[in-house]
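Chains A and B supply the protein sequences, listed in that same order.
What the first sequence shows, in our numbering, is residues 1 to 305, in sequence order.
What the second sequence shows, in our numbering, is residues 1 to 240, in sequence order.
To be clear, the hints were calculated from the coordinates, so they are not data collected in a lab.
Positions of the beta carbon are idealized from the N, C-alpha and C atoms, including for glycine.
There's no promise every hint is true.
[What the hints assert, rightly or not] The calculated SDA-like cross-link candidates involving lysine to any residue, where the alpha carbons are at most 25 Å apart (straight line), are:
no. : chain 1 : residue 1 : chain 2 : residue 2
1   : A       : 169       : A       : 235
2   : A       : 106       : A       : 140
3   : A       : 114       : A       : 280
4   : B       : 93        : A       : 114
5   : B       : 93        : A       : 126
6   : B       : 93        : A       : 256
[Unchecked claim] Between beta-carbon pairs, the in silico distance windows are:
no. : chain 1 : residue 1 : chain 2 : residue 2 : range
7   : A       : 252       : B       : 219       : 43 to 51 Å
8   : A       : 6         : B       : 125       : 49 to 57 Å
9   : A       : 144       : B       : 165       : 25 to 33 Å
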Amino acid sequence: MNSLDKDLLIKIADLHEVPQGAYNIRKNGEGVERHSTANIEIKPKADKPGIDIIVKPGTRGESVHIPVIITAEGLEDLVYNTFYIGDHADVLIVAGCGIHNPGKTKAQHNGVHKFLLGKGAHIRYVEKHYGEGEGTGERILNPQTFLELDEEASAELEMVQIRGVDSTKRETKATVGREAHLLITEKMLTHGQQLAESEMTVELTGENAAVQIISRSVAQEKSKQTFYPRVTGFTKCRGHVQCDAIIMDQATVRAIPEITAHHADAQLIHEAAIGRIAGEQLIKLMTLGLSEKEAEETILQGFMK
Amino acid sequence: MLELKSISYLPEGEKKAEPILRDINLLLEDNHFYVITGPNGGGKSSLAKIIMGIYRPTSGKILLDGNDITDLSITERARLGIGYAFQQPPRFKGITVEKLLSLSRGNKCVGAGCNYLFEVGLCPKDYEQREVNASLSGGELKRIEIASLLSRDCRIAVFDEPEAGIDLWSFNRLTDIFEKIQQRKDVTTIIISHQERIFKLADEIILVAEGRIQGKEAQEGFLEKVINKCDCRKECQERV
Ligand SMILES: Nc1ncnc2c1ncn2[C@@H]1O[C@H](COP(=O)(O)OP(=O)(O)OP(=O)(O)O)[C@@H](O)[C@H]1O
Ligand SMILES: [Mg+2]
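Pulled out of the complex, with its shape left as it was, chain A reads as follows (with noise of 0.2 Å):
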């Protein structure tokens, strides 16, 4: 790995060595290292593209990397990533994509993510998306994810695009069981000519499963930002939607929140807004020092942390 490479795996995953753990990092269409431990296995997919990470039931504590980096113009890369999560294991999962690209053509990654957690099982997922490069070449990314939840298992899914990216179409799709917790926090920040796509489909089966759907974000100059969280209740449970945006320059922000019930004791909430950042906000921060372009970047800040 050069420094480029290193500096993206810091980007995406906070990557400053080779991870502890089990981890897989994939550079331009390629496993380039790899790593099991005793509880945790990754393989090569034998039918396509991709690795499968299964998890021994009851681990707890561990981690697993699998950062993707893209450093060439002119490539799509294309990648099926499965996780067994075994029953009441807990695990920390952090998945990203960097694209740096030099060129005029396009670099693309659409990476597909299934998750499966076993009964009592949690994990942490945390993606990152990147994008830079000198070249005009545009820089996609298109993930999918696909979580089923079984009883009492819970996940955390937090993902994060801030700035790079040119476009990007992210599709989430979820199964919550039982007694299971479902939290996605998505943040994302677009630029420029940028366009973004979020579609979510959320369905509560089992009973009293809950999800919780947290979307911030912030549209500047002329991107487009368009949301659908859609969150369907089959049973008793519990749902909320919060779409929050700030809208700045010409940029075009669309919600579209979806929530269905088809049973008496669902309970759903959306809850969606979108504004320019409130002057009062930024006379205050002036007053204590800070310049117009300060309070507005301090503002951005905390909205995304």
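Guided by the hints, dock chain B with the ligands onto chain A, whose structure is given.
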């Protein structure tokens, strides 16, 4: 010394012929303690915002130590040491109490900010990591606002109704703080207030009504005077 000279203010774009502030002349001496009071809608907050630079006067001048600061921005005035605690402070998603206090201290000496939380009766341990968002109660938000102005290194500090929404116990604490400030005499303090206990600290009380300064004098006898001056009250009493 802060001087307001024939300040008038008519909000931009307002068709209303009546200005909010009219011909305000005011001299505020260094390290004195002033209380501004008067009826709701009289123009007290507007006057404070004129001092902070949030409102720009339609006519008139503001001088700080003889220098014209009329055209200085909010930021520039803040950097000269003017501070303002809002009557209704805004809320921020994602900004913690600790962050707000460190910003108000100019990013220095973060820890010291929490002493001020303690002074306004908030346990730093419980509040530092809370976000200044909708989850804070009105009184908590207000006390954090006061702490953030107390923590700043100001030469002119304006508190806009610090007592509003604050419980009895915290109000007692607050008056103790203002008492100390009044005794230290190292900052010009202007408190917009309706509370007698705050009046008692004032070197001078300024009465603002209908956009004008109706009086400015030492506190002795101020209350009786105000009450007797009020024509409507007299009328009411006569009618009874
Ligand atoms: N930006 C503005 N645009 C239009 N009208 C305003 C504006 N700011 C204040 N006013 C009006 O000016 C008058 C004075 O308002 P101000 O907030 O200064 O009163 P106040 O003395 O602080 O009252 P209170 O005791 O209720 O806080 C009010 O009638 C108010 O509605
Ligand atoms: Mg007021």
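With a cut-off of 25 Å on the C-alpha distance, tell me whether residue 114(A) and residue 280(A) pass.
-> 44 Å, violated
Has the hinted range 49 to 57 Å been met by the Cβ atoms of residue 6(A) and residue 125(B)?
-> Taking Cβ atoms as reference, residue 6(A) and residue 125(B) lie about 39 Å apart, which means the hint is violated.
Note whether the CB distance of residue 252(A) and residue 219(B) lies within 43 to 51 Å or breaks it.
-> Given about 58 Å between the Cβ atoms, the range is violated.
Starting from residue 169(A), check that the Cα of residue 235(A) is at most 25 Å away, please.
-> Answer violated: residue 169(A) to residue 235(A) is near 30 Å, above 25 Å.
Going straight from one Cα to the other, do residue 106(A) and residue 140(A) come out at no more than 25 Å?
-> With Cα atoms ~7 Å apart, residue 106(A) and residue 140(A) stay inside 25 Å; holds.
Are residue 93(B) and residue 114(A) close enough, with their CA atoms no more than 25 Å apart?
-> 32 Å, violated
Between residue 93(B) and residue 256(A), is the straight-line Cα distance small enough, at 25 Å or below?
-> Holds: residue 93(B) and residue 256(A) sit about 22 Å apart, inside 25 Å.
Between residue 93(B) and residue 126(A), does the CA-CA distance stay at or below 25 Å?
-> Given pair residue 93(B), residue 126(A) holds - Cα atoms ~22 Å apart, limit 25 Å.
Using the beta carbons of residue 144(A) and residue 165(B), state whether their distance is inside 25 to 33 Å or not.
-> Cβ of residue 144(A) to Cβ of residue 165(B): about 49 Å, so the range 25 to 33 Å is violated.
Violated hints, in rising order: 1, 3, 4, 7, 8 and 9; the structure is consistent with all others.
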